[in-house]
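All chains, please: the whole structure from these sequences, using the hints.
Those protein sequences? They're chains L and F, same order as listed.
168 is the number that our numbering gives to position 167 of the first sequence; each next residue is one higher, with no gaps.
383 is the number that our numbering gives to position 78 of the second sequence; each next residue is one higher, with no gaps.
No lab work stands behind these hints: they were computed from the structure.
Please read these numbers as outputs of a predicted model, since none were measured by experiment.
The beta carbon of each residue, even a glycine, is placed where N, CA and C say it ideally should be.
Incorrect hints may appear among the rest.
So these bits of chain L aren't anywhere near chain F, every CB distance computed over 10 Å [to be verified]:
1) Phe-50
2) Leu-53
3) Thr-61
4) Tyr-72
5) Phe-84
6) Glu-123
7) Glu-164
One side only, chain L facing chain F, incomplete, derived with CB under 8 Å [as the list claims (entries may be wrong)]:
8) Ala-15
9) Ala-112
10) Asn-115
11) Met-181
To give a feel for the contact side, a few chain F residues facing chain L, derived at Cβ under 10 Å [said to hold, decoys possible]:
12) Ala-373
13) Leu-381
14) Ile-384
Residues per chain are reported as follows:
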Amino acid sequence: MNALETEKWVARYADYLFGIALLKTNDAPTAQDLVQDTFLSALRAQETFQGLSSEKTWLTTILNNKIIDFYRKQSTARKSIDFIISTQSLFEREFFETETGKAGHWLRHTAPRNWNADHEVEESEFFKILEGCIGKLPRTLVPAFVARYLSERDSEEICKELELTASNYWVIVHRAKVLMRACLEKNWFLKS
Amino acid sequence: MSYPFKKIIFDCKKATLIVVKLEVGQASFAERMQLWYHQQFCNPCRQFQKQSAHINRVLLTYSRQQEALHKISPTLKAIWEKQISDFKKG
Numbered sequence: 002m003n004a005l006e007t008e009k010w011v012a013r014y015a016d017y018l019f020g021i022a023l024l025k026t027n028d029a030p031t032a033q034d035l036v037q038d039t040f041l042s043a044l045r046a047q048e049t050f051q052g053l054s055s056e057k058t059w060l061t062t063i064l065n066n067k068i069i070d071f072y073r074k075q076s077t078a079r080k081s082i083d084f085i086i087s088t089q090s091l092f093e094r095e096f097f098e099t100e101t102g103k104a105g106h107w108l109r110h111t112a113p114r115n116w117n118a119d120h121e122v123e124e125s126e127f128f129k130i131l132e133g134c135i136g137k138l139p140r141t142l143v144p145a146f147v148a149r150y151l152s153e154r155d156s157e158e159i160c161k162e163l164e165l166t167a168s169n170y171w172v173i174v175h176r177a178k179v180l181m182r183a184c185l186e187k188n189w190f191l192k193s
Numbered sequence: 306m307s308y309p310f311k312k313i314i315f316d317c318k319k320a321t322l323i324v325v326k327l328e329v330g331q332a333s334f335a336e337r338m339q340l341w342y343h344q345q346f347c348n349p350c351r352q353f354q355k356q357s358a359h360i361n362r363v364l365l366t367y368s369r370q371q372e373a374l375h376k377i378s379p380t381l382k383a384i385w386e387k388q389i390s391d392f393k394k395g
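Here you go:
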């Protein structure tokens, strides 16, 4: 039977839980609040700890539930679907042909070009550009983007957490990837 | 050329969506065939697939680096520790 050692929680798990929260929310103040909230909820729910899992697993479960609540309160799913729908034709016209006969094809200036593979000389410089491109993504696309590309979690788990259907999830991730690729091409790979 | 084939040849939007799904093994057999056929004619979409995989790798590297970088500050930890011990005192 495992007992809880509440006085050691912060030293043992604060950074670990913060890492998870940051990865899933991509916002440090939000992640801090979620971790603090996790500790407080866990203190209040101590008697429900069965000792079947480790302290760490138990706290992680509480944090994950907090993250789901956070997305729910923000209506993250609703907002991202609304965004996708309302900007659908704008996005299509920006990147793809709309003319009948060749509809759906890349436009001349949006078609992926050949990248110079040895371009990533300075990693820190590149990461600055990468951060800038993440920052330029429409905010409502960020949770799904971060969940998909900044961690290695599977799509089913992400859909459950963000409360998205699989097809909505793919449309969001696809949009984010097309925007991200174009941003990196413009600001890094083809920048003279 | 019959309509469905012509549509597949031009539909880069669909092809790139399939790429994104394929990267995590979520593209159906029909979709994989569709992508393959499309890419026989579409160099930009072959580039897209290559570049997309490249971007995935750098994003993971970036996220691992970020993870190591971000820690809770000692001040905030001290505050939380106090909150927890206060809670225990009731």
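For L/Leu-53, is the shortest CB-to-CB distance to chain F above 10 Å, so the non-interface label stands? holds, 23 Å
Closest C-beta approach of L/Ala-112 to chain F relative to 8 Å, hint status: Holds. Min distance 4 Å.
Determine whether the non-interface label on L/Glu-164 survives the test: each CB of chain F must be over 10 Å from its CB. holds, 18 Å
Given L/Asn-115 as an interface hint, is the shortest Cβ-Cβ distance to chain F below 8 Å? holds, 7 Å
With 10 Å as the threshold, tell me whether L/Thr-61 passes as away from chain F on beta-carbon distances. holds, 15 Å
Non-interface claim for L/Phe-50 versus chain F (Cβ beyond 10 Å): holds, 15 Å
Would the hint on F/Ala-373 stand, with a C-beta cut-off of 10 Å toward chain L? Nearest chain L Cβ about 9 Å off; hint holds.
Hint status (Cβ of F/Leu-381 to nearest Cβ of chain L, threshold 10 Å): holds, 7 Å
If we take the beta carbon of L/Glu-123, is the closest beta carbon in chain F still more than 10 Å away? holds, 13 Å
Per-residue hint verdict: L/Met-181, partner chain F, C-beta under 8 Å: holds, 6 Å
Going by Cβ atoms only, is F/Ile-384 closer than 10 Å to chain L? Check passed: Cβ of F/Ile-384 comes within 9 Å of chain L, closer than 10 Å.
Answer holds if the nearest beta-carbon of chain F is closer than 8 Å to that of L/Ala-15; otherwise answer violated. holds, 5 Å
Comparing the model with each numbered hint stated earlier shows that all of them hold.
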